[in-house]
Each structure stands twice: as C-alpha cells, then as structure tokens.
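Engineer: Listed below, chain by chain, are the residues.
2 protein chains.
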Amino acid sequence: MHLYDVRDKTVVVVDILRATSCMVTAFAHGVESITPIASLEECRNMKTRGYVISGERDGKKVEGFDKGNSPFEYVGDQVRGLKIAFTTTNGTLAIEKSKDAKEIVIGSFLNLTSVAKHLLLGENNALIVCAGWKGRVNLEDTLFAGALVDKLKDYLGPDCDAPLAARYLYNLAKEDMISFLNTSSHVLRLNKLNIHEDIKFCVAMDQFKVLPKLKNGTLVVN
Amino acid sequence: MHLYDVRDKTVVVVDILRATSCMVTAFAHGVESITPIASLEECRNMKTRGYVISGERDGKKVEGFDKGNSPFEYVGDQVRGLKIAFTTTNGTLAIEKSKDAKEIVIGSFLNLTSVAKHLLLGENNALIVCAGWKGRVNLEDTLFAGALVDKLKDYLGPDCDAPLAARYLYNLAKEDMISFLNTSSHVLRLNKLNIHEDIKFCVAMDQFKVLPKLKNGTLVVN
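Respectively, the protein sequence lines represent chains A and B. Heads up, the first sequence is in this note's numbering, so the first residue is 1 and it goes up one at a time. Heads up, the second sequence is in this note's numbering, so the first residue is 1 and it goes up one at a time.
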C-alpha cells in the first residue's frame, strides 16, 4: 500500500474469504450499514450503541460476538435494517489502510459486475486492494482482481504488471475456481474449519447488484 | 519487504531485465567482484579507487560510466579480473533492502539451477526478492520466481500464495517466455530502447553455473 498514492483513486477493497463477500451479501439482504472496525475491543463496545457486532480472528468467530464471518449469517429477512459493526483479520485492516482514498468501494465475486460498471462510469484511477492474509498474498483475492481487470481490459490500462499477472491467473482458474483454490494456503487453512459451503458461496459470480461504499467511516449502499 | 523477516533467510535477489542477468554473466566471464551501490554519485566516486563503474537509470546507461546494463557488455576476455561498481534503478536497491538477510545470492534464468541447488543444499528458509520496476510488480522477475519455485516444489513449502501464483504464471509462460513477456510493462518500456537481443539473452536457462554471493557488501563467487 505504501507504494501507491490512493488520494486520486477509487479503491476496491477485496477479501473474498470472507469479509467483503459477507458485506456484499449483507447489503443485498437489506442491512442498513456496516461500520468496519480495526480492533476487537472497539468493536465489542459498539454493542452498547445499538450495533450488531460481527467479528472474526484467524478465521474463527469471536466469542461473545453476534455474528462471525460466514456469508450464511448475513442472509434472510432477519438481517434487514441492521446496523453492523464488523472486525476481521484482514478485510477491515485493508479498508483502514485505504482511508486516504478518494473513494472506497467493496468488491467480491458476488457483485463483480457492479464494481466494474462503477469503475467504468467513474473518472478516477482504480486500485484493487487485495486484503490477503496477514499482509501476505493470497490466491482468491488475486483471482478477483484478475476477474475485474479482465472485465475492464478494453477500457483501463495497467500501471505495472500486477493486473496482468492477476488476469492470467484468473483465466487459468475461471473454469473451476474451487478446484484451483483448493491448492491455496488460505483454503487449506480454512478447510480445517469446515467451510466448503462458504467458499462455494463466495466464488459465485454476480449474485447481487449492490455496491457498498464507505461514507464517513461507514459502509452504505445509498 | 517490510512484511518479511529476512534475518533467518537466504535471499535470492532477482532483476531479470537486467541487473542480475548482467551480474551472473559478468562472473561467468571471470569478473573478480561486483560492488552494488545505491547512489549514482557514490558509484561515480569508485572510479578513482580502481573500479570499473557500471550504471543504469531508467533502462539507460549513465553518462560518463564505463558500462551500462546490457549483458553483452559483460562477456569476453576483456572483463576477466575486473572489479566493478554497479548501480541500477531496481536491482541494487533490492540488494540494499535485503541487507539484514542471513545470506544474499544473485539469481537469474542464466544460473537458475545453481540457485536451486544452493537452496536445496542449504538449511535456511528462502525468500525470492523480485526487484520489480520502481517498487512495482513486474512479470519477468515473477516468472523467474515461478521457475525457481517449480524446481523446489517437492522440497520446500510456501509461506503464502505468492510462490504458487508465480509458479502458475511460469508454467503458463515457459514454452515461449519471450512472447509472454512481450505484453509486460517493462518489456514494452525497454522495447523503446531496442534491446530485444538483451531480452532473448536474459531468458535463456542455465547458461552459467556461477552463484554470486554478497560478502562484506561485495558480490563474489568464491
């Protein structure tokens, strides 16, 4: 991140497994707002202010929290109208690191086309911030970046070879993304937590048309 | 780099186009030592101390320097025994950033198998530092990383998905690396400087068996 000047850019934050997939799913089911919070304690304190508190550390739900990091916790009528405070290992940190951006939007395979359209209609340069895993590269976020670059390739040019590399990887993976991801470090890590259904859910393309945007520190869709 | 603790690691520094390819070529032709220097001025001063001064900025040879950054300047009998002071846009900076490593070696396609053998025979963890272009990702260094990971895959495990991604890219590119690289930002940049022959030279595998190592701030092979 320190290599990029984000001030003139629309930053697309992506944490496919599973923070940004959860966020997109939640908004598609009528959640009112999601406030990303970096620390566990700060998030816990939001409970007294009328927020549903959601949190994950190292892939596991946080004790005492209302919700964890599975997209299936953010579907159905019961989430409609909720204000959620959300803290995760990588996703909320990526949002925090992007805070000086001109605009921050939330990306996932679930709302890929909505993100692409937004970037095409806007005038800003774009930076895709892959949350990764504890500061390291992961495959699933890179594949999302590749899918997005693939959609935009006739309109936007790359600033280095990273978008190109991501697009090659996406084209290699796209026919069977789940098998491809089965070799990745993060999926191997999450396999231990039995979340195959979550992974399947998170790599489905264009399930929802919402585009969460950060406004005054809180994600909203309107 | 700031995400990795290099103190317990053998760092392989790579700048395929063209710093580390030049270094490997130079040692294969009998150069005695190469001292990487970060700044242009400092490098210029080495001239008075009996060094041949080599330098490149933005892909171009530096005015007043003895040699530039083309591997063809480092072949033949006339380089035997030379002590070279070398400064480049990205390669020498990558060495500087790796300075706390347990060991630093120089990698290129030209000495790929020598690097792989060294890592297999050693006991250190390994980090491949792709010099990139001004701090950004480039394809050619990533492909080298992928080729090295491919050789080591049965012996060393990855710490994140970056080695895996690099290996996928290498396997996609290996049948025709030159065509693959023709789409990369750096090759497009260098094309303007008419260095097609350099690129062809730099992607040839295992031409030399030398393994330059940093000792007291200077690269040597013995």
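Because the hints were derived from the structure by calculation, they are not lab data. The model shown is predicted, which means the values in this text are computed figures rather than measured ones. Keep in mind that the hints are not guaranteed to be accurate.
It does not matter which identical chain is used: a pair holds within one copy or between any two.
List time: in silico EDC-like cross-link candidates among lysine to aspartate or glutamate, alpha-carbon distance up to 16 Å [to be verified]:
no., residue 1, residue 2
1, Lys134, Asp5
2, Lys209, Asp100
3, Lys215, Glu96
Engineer: For each hint, tell me whether it holds in the structure or not.
Structural biologist: Okay, the hints, checked on the actual structure:
1. Lys134 - Asp5: between (21 Å within a copy, 14 Å between copies)
2. Lys209 - Asp100: So Lys209 and Asp100 fail the 16 Å test inside a copy (26 Å) and across (48 Å) alike.
3. Lys215 - Glu96: within (13 Å within a copy, 41 Å between copies)
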